[in-house]
Amino acid sequence: MSLAQMLEVVSATDPGMVRTNNEDSIASDPSHGLAVLADGMGGYNAGEVASGIATTVITTELQQLLDQRPPYAIEEATGRTAAEKILREQVFRANSSIYQAAQSQPQYAGMGTTLVVALYYDNKMSVAHVGDSRLYRFRDDNFEQITRDHSLLQEQIDSGLITKEQAKGAANKNLVTRALGIDPTVDPEIHEYETKVGDIYLLCSDGLCDMVSDEDIGEALRMLGGNLTLCVHQLVQMANDNGGRDNVSVILIRVLREYPAPRGVLSKVFGWLR
Amino acid sequence: MAKLILSMDGLVLKEFTLGKERTTIGRKAHNDIQIDNLAVSGEHAVVVTILSDSFLEDLGSTNGTLVNGQTVKKHFLQNNDVIELGKYKLKFVSDGPAPAKAVDFEKTMVLRPGALRPQPGAAAPGKPAGAPGSPAAAAAAPAAPPPTPQRAGALQLLSGANAGRQLDLTKPLTTLGKPGVQVAVITRRPQGFFITHVEGANFPVVNGKTLDAQAHALGDHDVIEIAGVKMEFFFKT
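Each protein sequence line maps, in turn, to chains A and B. Position 246 (the first sequence) corresponds to 246 in my numbering; numbering is contiguous. Position 12 (the second sequence) corresponds to 286 in my numbering; numbering is contiguous.
Don't read these hints as lab results, they were simulated from the structure. All values derive from a computational prediction rather than experimental measurement. A few of these clues could be false.
[Claimed, not checked] Non-contacting residues of chain B with respect to chain A, defined by C-beta distances greater than 10 Å in every case (computed):
(1) Leu287
(2) Lys288
(3) Glu289
(4) Arg296
(5) Thr298
(6) Lys302
(7) Gly334
(8) Thr345
(9) Ala426
(10) Leu432
(11) Phe477
(12) Val479
(13) Ala501
[As the list claims (entries may be wrong)] Derived pair list, reagent style PhoX-like, types lysine-lysine, alpha-carbon separation capped at 20 Å:
(14) A:Lys164 <-> B:Lys348
(15) B:Lys302 <-> B:Lys288
(16) A:Lys164 <-> B:Lys504
Ideal Cβ placement from N, Cα and C applies to all residues, glycine included.
Work the whole structure out from these sequences, hints included.
This is the structure in structure tokens:
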């Protein structure tokens, strides 16, 4: 079942105002209900290589696996959805690809990337993330962050060392505690959420949320939600107008209509006819 | 290197450089910063400094430690924080960002779990205590406030039910028109104000000319027409 008619996906990536190269990498495949965003790090062009490997490995492999096995199927062994298993495996694969490249080629040593992946199926969404790339949800006029950063700052907030207000002026904003390609293993955080028609999901790199306040991002979605292309353009522009110190990447996904999993013969027929 | 400036009743007594990983504060002589006053406990507090980050921790003192007027047990020190022990004040002054590294300061860095050192005497072993082990922290600079346009802009409605009303364009985005019919947005940018079509079959008209999908820079006293309503844009003096 293709989700291309149910999801509107618009994306943009921009090097920003300071950097000459873009270490972010984005990919999306509306028909498979997939969006991937990675923010690479490492010297020279290693950051681009790491984020590029992450998006490429995850999109190509996921597409094949999703064609073989529907994401909403329940795994007998674990009782969880196939989506979660597939996502976890693909994050592992991407991690080892980057790790091996970093180990074997000296110019890539120490490269890594953050990652956020959203996979849509059966009126649901599975989100996997590693590091400080984020997913936000805009629903019924509420704009909220869904993922929680794997960063030193977030840990400090969680442990009560500093407050959210203090965090805004903190110096160590960009220290992530988890990333792909740094160690032989990685621990992705994966959760499943219900989606509703009209929801808008935002995947972004820290180049957006460090430069533009959550209130202003929410305001842009509220006002320009009717025109996602303009909205994506506006978000990138806002980040650049505020200084654009990092690469900016944005993926917006709007749920246009319901997309339940085909159950039984009749709905399968309807699925084909759609 | 960061400093602590000791003062009492507004009188500066001494300056201490935070050159060590642990700088102890207390009444007893073995402390790095000795404050010989009965209100100060023998071992009162400690400042743990790792690269450019400093954390203050109260060591279970009798009278407590205040930072900016609030009692703290543990605190991540920021520039110009004022630590109070009894009548004494210690002002924390962090060193300025290294200019040569400033370019890189937004760079995302990985903090490997192994790089986290437990805070001495405080955190249980194995629990990260928040000790950044990366030069990114040293290179960090305070974020500059977002640039705003030089001049404030406003709209005056010329026709429709609210004719005569004035609307200040203070927010980054202001939408105009009727949802579902025709909507345009005015964006406030460092370069000025721009109008862009959002939705609807008709595009906004500025000074009698219909716009295309591109953003259009607004000039002083431009007349805009959206969803049948005319309005004038002007810069406020």
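Outcome of the hint check:
Non-interface call for Leu287 of chain B relative to chain A: holds, since the shortest CB-CB distance, roughly 28 Å, exceeds 10 Å. Every CB of chain A is more than 10 Å from the CB of Lys288 of chain B (nearest about 26 Å), matching its label as outside the interface. For Glu289 of chain B, the requirement that its beta carbon stay farther than 10 Å from each beta carbon of chain A is met, with the minimum near 22 Å. With a minimum CB-CB distance of about 17 Å to chain A, Arg296 of chain B clears the 10 Å threshold, and the non-interface call stands.
No beta-carbon of chain A comes within 10 Å of the beta-carbon of Thr298 of chain B; the shortest separation is about 20 Å. Every C-beta of chain A lies more than 10 Å from that of Lys302 of chain B, the closest at about 27 Å, which supports listing it as non-interface. The Cβ of Gly334 of chain B lies farther than 10 Å from every Cβ of chain A, with a closest approach of about 17 Å, so its non-interface assignment holds. A cut-off of 10 Å between C-beta atoms confirms that Thr345 of chain B is not in contact with chain A; the least separation is 14 Å.
With 10 Å as the threshold on Cβ separation, the claim that Ala426 of chain B sits away from chain A holds: the shortest Cβ distance comes to roughly 16 Å. Against the 10 Å criterion, Leu432 of chain B stays outside the reach of chain A, whose nearest CB is about 23 Å from its own CB. Even its closest Cβ contact with chain A, about 12 Å, leaves Phe477 of chain B beyond 10 Å, as expected for a residue assigned away from the interface. Residue placement check: Val479 of chain B keeps its beta carbon more than 10 Å from all beta carbons of chain A (closest about 18 Å).
No beta-carbon of chain A comes within 10 Å of the beta-carbon of Ala501 of chain B; the shortest separation is about 14 Å. Between Lys164 of chain A and Lys348 of chain B, the direct Cα distance comes to roughly 16 Å. Compliance with the 20 Å bound is thereby established for this hinted pair. Between Lys302 of chain B and Lys288 of chain B the CA atoms are separated by roughly 17 Å; this keeps the pair inside 20 Å, and the hint holds. Taken as a hint, the Lys164 of chain A and Lys504 of chain B pair is broken in the structure, with Cα atoms around 44 Å apart against an allowance of 20 Å.
When each numbered hint is compared with the structure, a violation occurs for hint 16 only.
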